[in-house]
Amino acid sequence: EAGVTQSPRYAVLQEGQAVSFWCDPISGHDTLYWYQQPRDQGPQLLVYFRDEAVIDNSQLPSDRFSAVRPKGTNSTLKIQSAKQGDTATYLCASSSLGGLNYAEQFFGPGTRLTVL
Amino acid sequence: QQQVRQSPQSLTVWEGETTILNCSYEDSTFDYFPWYRQFPGKSPALLIAISLVSNKKEDGRFTIFFNKREKKLSLHITDSQPGDSATYFCAASVIMGYKLTFGTGTSLLVDP
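First to last, the protein sequences are chains E and L. At position 91 of the first sequence (counting the first as 1) the number is 91 in my numbering, and the numbers step up by one without a gap. Each position in the second sequence, counted from 1, maps to that position plus 116 in my numbering.
Heads up, some of the hints might be wrong.
What the hints assert, rightly or not - Here are a few chain E residues that face chain L, going by a calculated C-beta distance under 8 Å:
id : residue
1  : 41
2  : 42
3  : 103
4  : 105
5  : 108
6  : 110
Unchecked claim - Mimicking DSSO-like on lysine-lysine, the simulated pairs with C-alpha atoms at most 27 Å apart in a straight line are:
id : chain 1 : residue 1 : chain 2 : residue 2
7  : E       : 71        : L       : 215
8  : E       : 78        : L       : 158
9  : E       : 83        : L       : 158
10 : L       : 215       : L       : 184
11 : E       : 78        : L       : 215
Calculated directly from the structure, the hints in this document are not laboratory data. No residue lacks a Cβ here, since even glycine has one placed at the ideal position from N, Cα and C.
My request is simple: use the sequences and hints to build the entire structure.
Structure (structure tokens):
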């Protein structure tokens, strides 16, 4: 079974530029998450979807960040006008309850973003 | 406000020793506590998890001890191996593992 895939793996931008990250979750997983992991810190949830619906985007900086999952499968996270403080690894994860009590989250390899 | 705290920030042990990693939380509504392990340059992966209904969870050399009254957990790694060298994150969730809050992590180095 294929895991969560993400692209690109790396991105380097100047401040003010835009960038998009793409995620393909594990097949059949209804829930998809985007995390931001600054260097030497734990992942911080930005937004998560169940199917195509946004369940929680309270930690997503809405003025510059946006995320969509239009068909309930793949997802795109976009940063408009990137800032140096956005430098981090962006992780996508997916999960499915599948009869269990708790939904294990499976992480993709991440996109390492550097904003100069 | 850091809702999930971990200590120590970093730790070095000798091969064969028992490693103890600590975690505490503030939100009484948290009911599921997974530990994730992250090797350098890799993404986090679930190692072991415990819920409120248990005080202890074992999986091979890894054991979680849970003190609900004090809102503290600890991850014990017996017979620590160099291959255990990684960063360990304690996380907590309110709703069936969906919305995870991660701690800042403990970086473990096991010297041979």
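Cross-check of the supplied hints:
1. 41: 6 Å, holds
2. 42: It holds, given that the least Cβ distance between residue 42 of chain E and chain L is near 3 Å, below 8 Å.
3. 103: 4 Å, holds
4. 105: 7 Å, holds
5. 108: 6 Å, holds
6. 110: 5 Å, holds
7. E/71 with L/215: Roughly 22 Å between the alpha carbons, so the hint for residue 71 of chain E and residue 215 of chain L holds.
8. E/78 with L/158: 22 Å, holds
9. E/83 with L/158: 24 Å, holds
10. L/215 with L/184: 20 Å, holds
11. E/78 with L/215: 21 Å, holds
Against the hints set out earlier in the document, no violation occurs for any number.
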